Amino acid sequence: MYKTLRFSDFIQAENLFRIGIITLASAPFLSSIFFLIAILSVKNSEVNFFEDKWNIPLIISSFWMIIGLVYLNTNVNSSILKNQWDSNLSLVGLFNWIPFFWFFWKCQNFVKSAEQRRKCAIFFIVGTFPVLISGFGQFYFGWEGPLELFNGFIIWYQRPLNGISGMTGMFNNPNYTGAWLSFIIPFTLASFQEDRKSILIRASSFLNFSMVFLGLIITYSRSAWICSLVAFLFQNLDKKFLKFIKIFLILLLFIIPIFFVFKENILFIINKIIPSIFLSEFNQESFKNLDLMRIEIWGFAFKFIFQRPIFGWGSGYFPLALENEIGIWKGHPHNLILEVYFNFGIIVGSILFIFVFTLIARSFKNIFIRKFSTIYDRAWFTSALTLLTSQLVDQQYLDIRISLSIWILLAGLRNIIREQQNLK
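Numbering (our numbering), first residue to last: 8 to 431.
Calculated directly from the structure, the hints in this document are not laboratory data.
As the structure is a computational prediction, the values presented were derived from the model and not from experiment.
Any given hint could turn out to be false.
[Said to hold, decoys possible] List of simulated lysine-lysine pairs, PhoX-like, C-alpha gap at most 25 Å: (1) Lys372 to Lys119; (2) Lys126 to Lys310; (3) Lys60 to Lys119; (4) Lys50 to Lys119; (5) Lys372 to Lys337; (6) Lys126 to Lys50; (7) Lys60 to Lys113; (8) Lys113 to Lys126; (9) Lys60 to Lys372; (10) Lys113 to Lys50; (11) Lys60 to Lys50.
[To be verified] Between beta-carbon pairs, the in silico distance windows are: (12) Leu43 to Leu221: 33 to 39 Å; (13) Ile333 to Phe360: 25 to 31 Å; (14) Thr365 to Tyr78: 35 to 41 Å; (15) Ala210 to Leu236: 22 to 28 Å.
Glycine included, C-beta positions come from ideal geometry on N, C-alpha and C.
All chains should be built: construct the whole structure from the sequences, respecting the hints.
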């Protein structure tokens, strides 16, 4: 007998959450509505928000952020308020964090089991198809935008390729597109590596991986390329692969001296084999037109952080601080950790850093050392690590598509840790 699919079944919270994942890249505002309805429709039955020890760092950070907000907006002697800074930006900055702390806790209901995480991973892949369609259309067929639906309710940027380095698609920047595709790669690898008998399914999985990987390459995003290496490394991290890495490192010790002896010949061969567009992204020519290198921006961020270590400078002040210092405008420090330290101070920055690092370390132990995982849990960890790594050289977190993805992935890691604890 076949079960009749009723509309009431379709609008169950878990289905709404998965629709939110599918529409996240292409229609983030619509996706946020689905997520909100889904998480409001369920109740975390196991433990109260304030009783879960993993929420304690988030609660402390929230209170300290609010205290800092009050201080920055009421201290009349503050040099910040005298510097044409819109203090409302500090309030806006809180909404990049505090609501997501609650979202992290609530969405754990939807990534609780390995099977739930597997399905969410597949829906992330499905939701990437519009990214690829818009990106390939832009890169190969010259589709330009912005494309708007429902009076701007849905916007695909589709920027002209003139003046930008590579494919952006519906995102506003190649690095943002690259960040999205780099964390999808582990899911496509898991889909291909999954033990299935159907050749057709394996072929389609390999096609999905190939399209995502091609899309990532033509973003010409250096950070995305590097993050893809992280994705390949951890998704294939096992004893055989580690043995291969050891052999490779030993060979490298012999190859390096040979390289310096025959440097010119080897570079000539490399230039013939590797397309020049890739090499040009890493040579000195690609950096000479930059007014500030990343490392220089980070240096100024460190300097500012230690000038106001307790409550920070407030959200949105970094461009003004940098411009006052050297006359150059940059929208953010290009490092999410430094951004948090700068905006909210060392206390909040350290708490959140330790919180995320502990999640990563504990889940790594469960997945790779205790071998307590499925291939999709391995991919889940790898996707989280890949997306977090990308935040070290840019701040795609400011795009709600990336920030929501990060907190969904962290929620899944929390559940992987919980599963191990329940087995004890």
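Taking the hints in turn, this is what the structure says about them:
1. Lys372 to Lys119: 18 Å, holds
2. Lys126 to Lys310: Roughly 45 Å separates the two Cα atoms, so the pair is violated.
3. Lys60 to Lys119: 17 Å, holds
4. Lys50 to Lys119: Status holds; Cα separation ~13 Å.
5. Lys372 to Lys337: 38 Å, violated
6. Lys126 to Lys50: At roughly 21 Å apart (the allowed maximum being 25 Å), lysine 50 and lysine 126 satisfy the hint.
7. Lys60 to Lys113: 15 Å, holds
8. Lys113 to Lys126: 18 Å, holds
9. Lys60 to Lys372: 19 Å, holds
10. Lys113 to Lys50: Given that 25 Å is the threshold and the Cα spacing comes to 8 Å, the pair holds.
11. Lys60 to Lys50: Roughly 18 Å separates the two Cα atoms, so the pair holds.
12. Leu43 to Leu221: 33 to 39 Å: 34 Å, holds
13. Ile333 to Phe360: 25 to 31 Å: Given range 25 to 31 Å: holds, Cβ gap about 27 Å.
14. Thr365 to Tyr78: 35 to 41 Å: For threonine 365 and tyrosine 78 the Cβ distance comes to about 28 Å; the hint is violated.
15. Ala210 to Leu236: 22 to 28 Å: 25 Å, holds
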